[in-house]
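Quick note, the sequences are listed as chains A and B, same order.
Positions 1 to 145 (the working numbering) are the ones given, in order, by the first sequence.
Positions 1 to 446 (the working numbering) are the ones given, in order, by the second sequence.
I should point out that these hints are in silico values taken from the structure, not numbers from a laboratory.
Watch out, some of these pointers could steer you wrong.
What the hints assert, rightly or not - Capping the alpha-carbon separation at 20 Å, the derived lysine to any residue pairs in SDA-like fashion look like this:
#1 A:Lys65 x B:Trp95
#2 A:Lys87 x A:Ala143
#3 B:Lys143 x A:Gly72
#4 A:Lys65 x B:Lys85
#5 B:Lys99 x B:Gly209
Unchecked claim - A short list of chain A residues far from chain B (calculated; beta carbon distances all over 12 Å):
#6 Ala11
#7 Ser15
#8 Leu64
From the three backbone atoms N, C-alpha and C, an ideal C-beta is built for every residue, glycine too.
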Amino acid sequence: MTIASIAFSPARCVSSDTPLSEVAQRMVTERINHLPVCEGGSYVGMVDVGSILGVVAPTGLPDLKFAGDMLGVLTSHTRDLARKQVKDVVTRDTPAVPENCPLPEALLLLSKHDCPLAVIDAAGQVKGMLSSRGVLAYLLQQAGA
Amino acid sequence: MHGASSHAASVIFGLSPLLVSLVVFVLTYAVIVTEKINRSIVALLGAGLMILSGALTQAEAFAGVDFNTIGLLTGMMVIVSITQKSGVFQYVAVWSAKKVQAKPWPLLMMLATVTALFSALLDNVTTVLLVAPVVLLITDALKLSPYPYLFSIIFASNIGGTATLIGDPPNIMIGSAANLTFNDFIVNLAPIIVVIFALTLVPLFFIWGRKMHASDEDRAQVLAFNEIEAITDWRLLKQALAVIALVIVGFVLAHPLKLEPATIAMFGAALLLLLRALGKDGETQSHETHKTFAEVEWVTIFFFVGLFIVVAGIEKAGALKWLADEIVTLTGGNYKATAMIILWISAVLSAVVDNIPFVATMIPVIQSMGATFGADHLMPLWWSLALGACLGGNGTLVGASANLVVAGFAERAGHPIRFLPFMLMAFPLMLMSVGVSAVYLYLRYL
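Next up, chain B with everything else stripped away, as it sits in the complex:
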């Protein structure tokens, strides 16, 4: 391989830095894929080995961590953790069910739309964690099978999350690495996501929608739900909505204000924590603050930290530059073909393995391609990666964390979602969404 960087002769046993970093990288990813050990533990161990082996110094390791991504994730986690205590997710789900008179097919479309919107602006997993139980309750009351509804919210959460910078962790990582703003994602991805979302509902109507029926008596039960009662803390709701609105405005104006997303998200989180603390005694403030921070998914945050360091290790050794060159050679230097390859490979891989390690690895690869294709032609590659990595999560039950959360609820409710039946329907639908994305990329950028 070419492109080995100039390491100091400090790698363990005097071995090749490229070899050492690749071994650590492959081992780390392989163990993550097997899911035998918690992925965060594996990522941190891999990161530690990168430094201990001499492939990276500690300073280089820290420099490899994208703290903009970490800050944005953490800030949004705090905001969502506090917001969900107000009951707003349940309120919107019940309100939307009543809005369509609890008629089965409009109900499915409405709940899917609500899930997609929440997922676009907030975290996918929290969205489905809070919407899925309401879905189960409503379908129970209507004496309908919850399967079509749960299937739809899985798809909606992954599709919706693709639309914005903050909707899905891969987008956060890509946005940070490629200096893409919130507005860039809205302008470039949101339009096609709306189309994909609508198109996805079409086959669902023909498979399930036409046959759904609920009696007037059962619908009356749902219509008797009082969504106002779902709000448990009105003061908190107003505070949370105000902060979320401020944060989104901040994202929209980030470029002229010269602010990074992490700053906006963390400031929003701090502001919401402050608003919540106002008027409370010290002990209560301390207790609530501790509780909120305890609800941040530190396991996920440290997974990202470990992963960034592992990828930094092989990037420093030159492996990713080599990979980028090989891909360019394979496509004959054709960036259109490269964009399509990235789109489809990202989608298929993301359906079966965690998309975050894949995206973390692909980011420096695409950055390296800038030398060949020129900075102007990198944009389609970034959008290919974002679309493929996010939409691919719909392909199987293990494609995204939100899928597994919904499957867990379904299991406990006595309506298990089995891997193969789900995949037999979901994979073709996912391929359809990626196909539409391919056409969009070709027409718009290539």
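With the rest of the complex left out, here is chain A:
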């Protein structure tokens, strides 16, 4: 039993030098939280909305209750996303899985990394994204639930 039977979400890679503002806009428009990152056509990692928010938010402080809404600072940082690129926030240790990856292996990786997995072909090109929801839907269907 491999993941080939499960429907993948379509995914268009972004390159490492894509501006984060563009990636952010796309995530909002398409209502997605993760995008695969490719260099030279091959998968290298993942960019997620949390990493982008991490660039916008101030860092290094245990909490920011004292700072109020800081809307001016946050919007300024958001505008600065145009000057930052995917390579500044890409997570490179997110594994990709081949189309014939056994289902249990894929489940383990999904639970370990808590993000969709990029499904790649033999050439390393991204064919789609395997999400936890997609796997769950398949298993529910198989279980006749």
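Keeping the supplied structure of chain A fixed, place chain B upon it in accordance with the hints.
Below, chain B alone, put in the same frame as chain A:
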């Protein structure tokens, strides 16, 4: 060389104890300087080699460890680790920014002053770890370059830490070895440190201060910060401040009470741990206690242990007595010249290499000079070492751990502090501070 001690014939292969201990010492320090291997690993290996080679027995090695320094460091680390959870550092930083209406130049002076004060009483690295992010936040809100502010808190942390016994590890080591009390440091170093701090701000004003400007709208954002919200645990804050006050009173009264600093610090740490544990169930107590002890920089503590043993090895072999004699010969037995040499060499070396191994080596050297100069004339030498070793840390980005911590924050915030530009400004400023120290030492002691 003269002055070789009487070793039992137990050194490996029957080699000269002096040769063996010197080789281990030089190798240890050389590898530490290269930073290719974690310095604590190197120091412990060096210590092990000192014993394995027969240069020291285990008993002699343990006797060479200054447990007063170790205890004081550990105790203060525990106290600071617990205190910082209350949010007091952030509170003071935000409060001080609002106090000066978030005006750029007064803000710089205020944040630098706060950093210097914290560094004088608590640990430099923790101070900048907690103040730097607030600085970045405030300068971000004011649309100001954070560079001048980060530069200032680097200088402030090293200058402030020079003022007291507990402000900087070199002072802890010197105080312990020379039986100098908290009050001795306050009386002898704090006054000139205040002067140096003020003088350091002058060139910073001319370089940056005059050109700083923030709009009323941006300043309003900072003024809207609510510093009260920075305190995450009021009960802990009161407990921590009470214990810190008690510890400082303990340091001040240490001499009449015949207490060593390590006892005071460790007791304070234990007291704060107890206060924190009261009213909590066993599992929570255990978890929090484990967490607090996990936050002690054991890597640094074991670095000190290893270093003390390595230095004890060459001291036993007589190398440091020889070095002391050579320095005395070089200066013609003139303790004034010796004090100046120690001051300037300590400063320049501390700017480029870790000052702790240097101070650990110089302590027995200065102690050996007591025979030549007399105990009364050693005091200026101790103050020279303290001033040079602590202030020298401002000379380059690698001069002190706090510098690198701030540089790390700056890098992550997108405002990197580069080595050469920093040094081009910092080194002359450091030399100025050491020059002022030289004048002070000359006028007051020499």
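Hints, verified against the model:
1. A:Lys65 x B:Trp95: Holds, because 14 Å separates the two Cα atoms, which is no more than 20 Å.
2. A:Lys87 x A:Ala143: Roughly 41 Å separates the two Cα atoms, so the pair is violated.
3. B:Lys143 x A:Gly72: 10 Å, holds
4. A:Lys65 x B:Lys85: 14 Å, holds
5. B:Lys99 x B:Gly209: 18 Å, holds
6. Ala11: 29 Å, holds
7. Ser15: 21 Å, holds
8. Leu64: 8 Å, violated
Checked against the numbered hints above, the structure violates hints 2 and 8; every other hint is satisfied.
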